[in-house]
Amino acid sequence: MSLTTFLQHCLTGISLGGAYALIAIGYTMVYGILRLINFAHGDIFMMAGYFMVFAVSSMPWPIAIVVVIVGTIILGVAIERAAYKPLRSSPRMSIMISAIGMSYFLQNLATYLFSALPRAYPEIPLLKRIFQIGDLSASLVTFVTPVLTVLLVIVLMSIINHTKAGMAMRAVSKDFETSQLMGIKINNVISMTFVIGSALAAVGSILYFTDRMSVTPFSGALPGLKCFVAAVLGGIGSIPGAVVGGFLIGICETFLVALGYSTFSDAFTFLLLIVMLLLRPTGLFGEKITDKV
Amino acid sequence: MKKSTKTLCSCIALALLVGFLLYMETLKTTQGMAVSILQKGAIFSIAAVSMNLLNGFTGLFSLGQAGFMAIGAYVTAIFTIPTEKIVAVYYMNGVSEGIMSIKRALSFLPEPVLVLLALIAGGLVAAGFAALVGIPVLRLKSDYLAIATLGFSEIIRALISSPQMDKITNGSYGLKNIPGFGGENGLGCLLVPFGIAALCIVIMVLLIRSSYGRAFKAIAEDEVAAEAMGINLAHHKEMAFVISSFFTAVAGGLLAMYMRSIEAKTFQVILTYDILLIVVIGGIGSVTGSVIGAFLVTASKEWWLRFFDTPLKIGNFQVPLLRTGFRMVIFSLLLMAVVLFWRRGLMGNREFNWDDIPRFGRWVKRKFTKTPATEGGERNG
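Residue numbers (this note's numbering), protein chains in the order written: chain A, 1 to 293; chain B, 1 to 381.
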């Protein structure tokens with residue numbers, strides 16, 4: 001592999017990793033607060049793709065992007081209200097089953113509404129413009145994705161570390177019940193988490209699908225699982241961890257595909273997960289949790 | 001109800017069931033839909049009970065079912081595809097020498113024995129995999145275990161469809177020409193899957209009722225307390241995982257025989273979810289619930305809710321919403337309703353008992369007469 005192709009794959013990998021990182025943040029935040037793998041998150045991401053398809057056909061793309069983000073936020077919060085809130089005090093297994101059921105429902109709904117055939121993703125001319133640096137060529141979206149990801153993460157981190165809402169989030173993720181006793185409105189905090197997670201998933205979906213060109217009702221399931229793996233890899237509950245995990249998985253996957261092992265690229269992600277859980281279950285940046293009886 | 005009456009009831013029910021199955025077998029040509037639903041229901045009831053053994057009774061939330069079913073299905077398929085047809089199945093890449101020599105060595109066996117042997121072999125291979133995977137994975141707790149087992153089933157799927165395995169699994173082309181249930185005239189097309197399902201479920205029930213089963217339930221209830229009572233956690237979890245995988249793979253083998261042709265795509269995560277739905281609807285922790293759930297879910301998915309998928313016109317009025325795919329939307333809404341409002345499922349964690357029938361009758365009577373029941377004899381067992 002020559003240096004140019006190596007760098008080219010690096011670029012693709014970083015771009016894919018950026019989209020993964022944005023989705024992984026949604027997983028890690030929800031898990032940090034509710035201790036729930038939000039299996040429906042990948043499908044929220046898929047739905048955001050469909051929203052974009054329909055929004056662009058009826059309005060200019062800058063407005064469409066805003067509409068998509070708002071629509072995805074509404075969907076995410078609605079799912080939380082409908083499927084997770086009623087089960088807040090029930091065992092973890094039932095909430096997880098509810099999340100799986102929600103993912104199943106969204107996939108079936110999308111199949112019903114938009115049919116199972118792949119739908120062309122709208123091209124945003126600005127993002128698709130080809131740039132040339134030396135021998136490397138890539139569309140603008142490849143460069144925008146990592147930059148935007150890092151920017152959004154910095155904004156998010158400052159919200160979490162320096163605002164009152166962020167402090168409430170940190171408190172809830174530390175100890176659910178005590179923070180309730182301290183007068184924090186749990187439901188608002190949880191809704192806030194879903195708002196942030198869904199908004200980032202919407203941005204991630206725009207970046208991801210612009211590269212992929214088509215959406216199907218099932219195109220959210222596998223990226224969703226991979227992003228959860230990314231979140232675990234970085235240490236669940238940690239936002240910088242999720243970002244690092246997302247980039248790591250994106251780059252590894254791109255290189256596996258480049259080396260001709262594309263059938264193994266999904267399997268590799270899960271292998272990475274199993275190895276990681278065994279060697280360092282708290283992930284790269286996770287805090288050590290002790291089991292309480 | 002007296003115990004002898006209950007035994008009598010069970011015997012009569014069993015005889016009626018066998019009679020019904022034999023009758024249905026003769027109607028195979030006219031009632032194809034009902035027969036295939038019964039077959040599929042029997043297969044899924046094995047898978048559901050074995051998932052319940054792990055998720056309900058032992059409290060290990062595993063989502064690796066599709067992977068183990070894939071192993072069972074592929075092993076069964078390789079064993080049972082007739083030797084004279086196998087070269088045609090692998091027309092792209094050729095058959096591996098190992099498979100051919102196994103098939104030649106086993107060619108003297110009559111077909112029913114070969115099928116049984118194939119199912120058991122599939123189960124054993126899956127159990128072997130489960131034993132290996134279980135050692136590291138079962139150290140994980142609840143949702144981490146779920147995602148790790150789910151990942152494992154995806155790894156199996158990738159291995160099966162990978163080009164390196166072409167000569168064994170035929171890569172992405174899948175396997176065809178798998179013999180179905182029963183002979184040419186359809187004899188045994190229902191009794192075989194039902195017989196195997198009954199055998200598997202009886203073995204699992206016996207396991208659940210044994211001291212091991214009580215240990216499993218203790219682990220599900222409280223791991224720390226169970227360990228303090230002297231239950232070897234790792235050993236029992238591994239055992240539940242291996243046994244459950246064995247029976248899941250048997251179900252996978254039967255599924256291969258039911259479908260006649262399989263490919264790696266058949267065994268996606270969605271298959272695991274389907275089994276999970278059956279377990280949830282039937283009631284987590286109830287064997288009879290899982291069996292009833294398997295038949296109910298299969299029948300409603302493939303048959304009773306079919307009309308949602310076909311556009312309907314009453315007079316000049318086009319009924320809205322009805323078109324392809326609506327059935328699955330309704331189905332997933334029903335599932336969500338069960339998860340949210342009726343969390344115990346059909347049976348909760350109880351088992352079916354003949355006493356339930358008079359009790360159910362009284363309950364219905366109370367509901368419809370609207371006056372409080374005065375006979376009040378709740379205890380006549």
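Just so you know, the hints here were simulated from the structure itself, not pulled from any lab data.
Please note that a few of the clues may not be correct.
[Claimed, not checked] For the chain A half of the interface with chain B, some residues (derived, Cβ under 8 Å), not all of them:
(1) Met-96
(2) Leu-109
(3) Phe-131
(4) Thr-263
(5) Phe-270
[What the hints assert, rightly or not] When the alpha-carbon atoms are kept at most 27 Å apart in a straight line, the in silico DSS-like pairs for lysine-lysine are as follows:
(6) B:Lys-301 / B:Lys-313
(7) B:Lys-28 / B:Lys-313
(8) A:Lys-174 / B:Lys-141
(9) B:Lys-103 / B:Lys-265
(10) B:Lys-265 / A:Lys-85
(11) A:Lys-174 / A:Lys-185
Each residue gets a CB set at the ideal place from its N, CA and C atoms; glycine is no exception.
Here's how the hints hold up against the structure:
1. Taking 8 Å as the C-beta cut-off, the interface hint given for Met-96 of chain A holds, the closest approach to chain B being about 6 Å.
2. Evaluation of the Leu-109 of chain A hint against chain B yields a held restraint, the C-beta minimum of about 6 Å falling below 8 Å.
3. With a least beta-carbon distance of about 34 Å to chain B, the hint placing Phe-131 of chain A at the interface is violated under the 8 Å criterion.
4. Given hint, Thr-263 of chain A at the interface with chain B, holds; its Cβ is 4 Å from that chain's nearest Cβ, closer than 8 Å.
5. Checking Phe-270 of chain A against chain B: minimum C-beta separation of about 3 Å stays under 8 Å; hint holds.
6. Among the hinted pairs, Lys-301 of chain B with Lys-313 of chain B is consistent with the structure: their alpha-carbon atoms are about 22 Å apart, no more than 27 Å.
7. A hinted pair counts as satisfied when its Cα atoms are at most 27 Å apart, and Lys-28 of chain B with Lys-313 of chain B does not qualify at roughly 32 Å.
8. Taking the CA atoms of Lys-174 of chain A and Lys-141 of chain B, the gap is about 19 Å. The hint holds against a cut of 27 Å.
9. For the suggested pair Lys-103 of chain B and Lys-265 of chain B, the alpha carbons sit about 26 Å apart, so the restraint of at most 27 Å is met.
10. Straight-line distance between C-alpha atoms of Lys-265 of chain B and Lys-85 of chain A comes to about 34 Å, which puts the hinted pair past the 27 Å bound.
11. Distance hint between Lys-174 of chain A and Lys-185 of chain A is fulfilled; the C-alpha atoms sit about 15 Å from each other, no more than 27 Å.
Of the numbered hints stated above, those contradicted by the structure are hints 3, 7 and 10, listed in ascending order.
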